[in-house]
Amino acid sequence: MKVEIFTTENINIKEKTAVTLGNFDGFHMGHRKLAEKITESPFKSVIFTFSPHPVSFFKPDSVFKTILTEEEKQKTAETLGADCYIIYPFTR
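At position 30 of the sequence shown (counting the first as 1) the number is 30 in my numbering, and the numbers step up by one without a gap.
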């Protein structure tokens, strides 16, 4: 699986893609179902997520911890069969 960090200036995937978009902070059953659907498609499967988690911007004074670390999220995405895992910088 290819892991990439993108900005709006450098996203350049030439193949047709099936993309699922989300935080995937825990890869619950719904996340897994989305990943299953895109990996079953005839297109390149892409999981598109954000870092840091958007909640950190909306509740800056709160203690916020994701269920999975970024490394665990990537490993889970790979295990689920994703072709590409995009980490997109989340900013205000």
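Quick caveat, the hints were computed from the structure, so don't treat them as lab data. Where is the CB? At the ideal position from N, CA and C, for every residue including glycine. One or more hints might be untrue.
Straight-line distance between alpha carbons at most 25 Å, and here's what the computed SDA-like set of lysine to any residue pairs gives [stated by the list, open to error]:
| hint | residue 1 | residue 2 |
| --- | --- | --- |
| 1 | Lys2 | Phe58 |
| 2 | Lys14 | Cys84 |
| 3 | Lys75 | Asp61 |
| 4 | Lys33 | Ile87 |
| 5 | Lys2 | Glu15 |
| 6 | Lys2 | Asp61 |
The calculated label-pair distances, taken between Cβ atoms and stated as ranges, are [claimed, not checked]:
| hint | residue 1 | residue 2 | range |
| --- | --- | --- | --- |
| 7 | Glu36 | Thr69 | 21 to 27 Å |
| 8 | Pro54 | Lys33 | 34 to 40 Å |
| 9 | Glu70 | Glu15 | 33 to 39 Å |
| 10 | Phe57 | Glu15 | 15 to 21 Å |
Evaluation of the provided hints:
1. Lys2 / Phe58: violated (30 Å)
2. Lys14 / Cys84: The given pair, whose Cα atoms are some 13 Å apart, holds under the 25 Å limit.
3. Lys75 / Asp61: violated (30 Å)
4. Lys33 / Ile87: Holds, because 20 Å separates the two Cα atoms, which is no more than 25 Å.
5. Lys2 / Glu15: holds (14 Å)
6. Lys2 / Asp61: violated (34 Å)
7. Glu36 / Thr69: 21 to 27 Å: holds (22 Å)
8. Pro54 / Lys33: 34 to 40 Å: violated (22 Å)
9. Glu70 / Glu15: 33 to 39 Å: About 25 Å separates the Cβ atoms of Glu70 and Glu15, which means 33 to 39 Å is violated.
10. Phe57 / Glu15: 15 to 21 Å: violated (32 Å)
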